[in-house]
Amino acid sequence: NAGVTQTPKFQVLKTGQSMTLQCAQDMNHNSMYWYRQDPGMGLRLIYYSASEGTTDKGEVPNGYNVSRLNKREFSLRLESAAPSQTSVYFCASSGRDRIAGANVLTFGAGSRLTVL
Amino acid sequence: GESVGLHLPTLSVQEGDNSIINCAYSNSASDYFIWYKQESGKGPQFIIDIRSNMDKRQGQRVTVLLNKTVKHLSLQIAATQPGDSAVYFCAENSGGSNYKLTFGKGTLLTVNP
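Chains as they are written, first to last, in our numbering: chain A, 1 to 116; chain B, 1 to 113.
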């Protein structure tokens, strides 16, 4: 199993450019999430999708849009990138863990975005 | 230990020693807590979790302790190894129908050989 796959791993944008971060999971999880991680800070939730066909704002949604394309895929779009959006972005999905026996977030490897 | 609002704390230990990483949480309604490990350049990885109806849970070389009276959570790593070097995050779920976690800012653990 690949788990959670994010693309691209690295991206440099100029202010005002747009881009989409792609995320796919192969664990048949219902819920998917986008987080951002800034130096010295914990992960902050941008948007999440509790199930296919639904999306909701998290803690820091401004400047972002999301699409839950199907059960596997959840994309994050920056319509007009700003330097404040320079960050590492993590996609995650959640489902019942076979070992932990609880809903556990499984994260992708991250996408490092720099906005100049 | 770590807490939301503080700079990233660090902990340096010798290989073979036991490590204790602390976390304070603020929401008394939180009913579920998780510890994640994040190695450099990777996404966070689940280590162990605990529900609010428990005060201790053990895994392989790791133990999580929960003190609801003082809203404190700790992760104990036995016989720490160089491969344990990483940033450790605690996270809390305040409940509700949607599974959303609030993460602490993390503690950097460095294991010296």
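It is worth saying that the hints were derived from the structure and are not from the lab.
Honestly, I wouldn't trust all of these hints.
Unchecked claim - Here are the computed lysine-lysine pairs in the DSBU-like style, where the Cα-Cα straight-line distance is at most 30 Å:
1) 71/B <-> 14/A
2) 9/A <-> 71/B
3) 57/A <-> 42/B
4) 57/A <-> 100/B
Taking the hints in turn, this is what the structure says about them:
1. Distance hint between residue 71/B and residue 14/A is unfulfilled; the C-alpha atoms sit about 44 Å from each other, more than 30 Å.
2. A threshold of 30 Å between alpha carbons decides the hint, and for residue 9/A with residue 71/B the separation of about 37 Å lies outside it, so the pair is violated.
3. At roughly 25 Å between alpha-carbon atoms, residue 57/A and residue 42/B fall within 30 Å of each other, so this suggested pair holds.
4. At roughly 11 Å between alpha-carbon atoms, residue 57/A and residue 100/B fall within 30 Å of each other, so this suggested pair holds.
The structure does not agree with the numbered hints 1, 2 stated previously, though it agrees with the rest.
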